[in-house]
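Here is what each chain is made of, one letter per residue.
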Amino acid sequence: MAEPLDPRTDPDVDLRVPVDRGELTARPATILATIAAGGVLGALARAGLQHAATHPPTGFPWATFGINLSGCLLIGVLMAVLGHLGGGHPLLRPFLGVGVLGGFTTFSTYAVDVQQAFVAGAPGIALAYLAATVLGALVAVGLGDAATAGLLRRRAAR
Amino acid sequence: MTVLLIALGAAVGAPLRYLTDRAVQSRHDSVFPWGTLTVNVVGSLLLGVLVGLPAGPTVSALLGTGFCGALTTYSTFSYETLRLAKGGSRLLALANALVSVAAGLAAATVGYALARVLIG
Numbered sequence: 001m002a003e004p005l006d007p008r009t010d011p012d013v014d015l016r017v018p019v020d021r022g023e024l025t026a027r028p029a030t031i032l033a034t035i036a037a038g039g040v041l042g043a044l045a046r047a048g049l050q051h052a053a054t055h056p057p058t059g060f061p062w063a064t065f066g067i068n069l070s071g072c073l074l075i076g077v078l079m080a081v082l083g084h085l086g087g088g089h090p091l092l093r094p095f096l097g098v099g100v101l102g103g104f105t106t107f108s109t110y111a112v113d114v115q116q117a118f119v120a121g122a123p124g125i126a127l128a129y130l131a132a133t134v135l136g137a138l139v140a141v142g143l144g145d146a147a148t149a150g151l152l153r154r155r156a157a158r
Numbered sequence: 001m002t003v004l005l006i007a008l009g010a011a012v013g014a015p016l017r018y019l020t021d022r023a024v025q026s027r028h029d030s031v032f033p034w035g036t037l038t039v040n041v042v043g044s045l046l047l048g049v050l051v052g053l054p055a056g057p058t059v060s061a062l063l064g065t066g067f068c069g070a071l072t073t074y075s076t077f078s079y080e081t082l083r084l085a086k087g088g089s090r091l092l093a094l095a096n097a098l099v100s101v102a103a104g105l106a107a108a109t110v111g112y113a114l115a116r117v118l119i120g
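Chains as they are written, first to last, in full-length UniProt numbering: chain G, 1 to 158; chain V, 1 to 120.
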């Protein structure tokens, strides 16, 4: 049994967690299809937002910045809730954590947008975006995790 | 059409990240998140190539927005970094953040440069 808020390190898969180790052998098709379905939803949401707020190579990629920060906030919330539930439904982490939030947030677009800003001759934007995303993401995930865990503890104590 | 291509790419990319993470973790008994680093670097390299070519709208939607977008992840990367820091491995957390960002940027740069050389 997972302890509440057990120190799972990985929302995708953590092979030190027995449930994660066994989930693919038990029903591989269901797990992979669930992840794929979540990934599609997350990716389409990201594409929609990026399409709605495009940026020139020398501009700040606000859409992807917002996507990555909100996705990091939400993974902090999700993992705290799952920890509180002792893991929750077996398909919840694969669907929301691996699929939806993994598909929503993107590291490749982040890296390429930084590189493209350098190529376009906007090193200031490149560096600001580089630093703001990684620092913002870490603050967001910490905030999501701490606020949710705090709320759940207070509710449990009542 | 674009929506379908993005969906198709993501339907392959997201499970591939999960499978890669599993495969990497089963080979390394390490708290350092090598699996996520791997997908993020590979995805950044591939997207760098696609942008450098540059790929048309069909390939961009399928492989860029869909596949690379779903293969790579910022949420898992940030959560793993948080967990390392909270678990007392602050140096590893810092290393993960710095190495991921540096390696991702380097991969995007190499991919873009390779594509530029290829097309002459």
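Be a bit skeptical, because a hint or two may be false.
Stated by the list, open to error - According to the in silico footprint, chain V covers these stretches of chain G (three or more CB under 8 Å from chain V):
#1 54-61
#2 68-77
#3 80-91
#4 101-107
#5 135-141
What the hints assert, rightly or not - Okay, the calculated beta carbon distance ranges per label pair:
#6 V/Ser30 <-> G/Val19: 34 to 42 Å
#7 G/Leu143 <-> V/Ala106: 26 to 34 Å
#8 G/Ala53 <-> V/Asp29: 30 to 38 Å
#9 V/Met1 <-> G/Val139: 33 to 41 Å
Everything labelled a hint here was simulated from the structure, so no lab data went into it.
All figures in this text were calculated on a predicted structure; none of them were measured in a lab.
Beta carbons are placed, not taken as given, at the ideal position from N, Cα and C, and that holds for glycine.
Hint check:
Coverage of the stretch 54-61 of chain G by chain V is violated [criterion: at least 3 residues with CB-CB distance below 8 Å; count 0]. For the stretch 68-77 of chain G, the assignment as covered by chain V holds, since 6 residues bring a beta-carbon within under 8 Å of that chain's beta-carbons and 3 suffice. Three residues within the 8 Å Cβ limit are the bar, and the stretch 80-91 of chain G against chain V gives 0, so the coverage statement is violated. Here the stretch 101-107 of chain G counts 7 residues with a CB under 8 Å from a CB of chain V, which clears the bar of 3, and the coverage holds.
Requiring three or more residues with a Cβ within less than 8 Å of a Cβ of chain V, the coverage given for the stretch 135-141 of chain G holds, as 4 such residues are present. Restraint check, V/Ser30 to G/Val19: a C-beta distance of roughly 20 Å breaks the suggested window 34 to 42 Å. The beta-carbon spacing between G/Leu143 and V/Ala106, approximately 29 Å, falls within the hinted interval of 26 to 34 Å. One distance hint, 30 to 38 Å for the beta-carbon pair G/Ala53 and V/Asp29, is violated here, with the actual separation near 43 Å.
Remark: the range hint 33 to 41 Å for V/Met1 to G/Val139 is upheld by a beta-carbon distance near 38 Å.
In this structure, the earlier hints numbered 1, 3, 6, 8 are contradicted, and the remaining ones agree with it.
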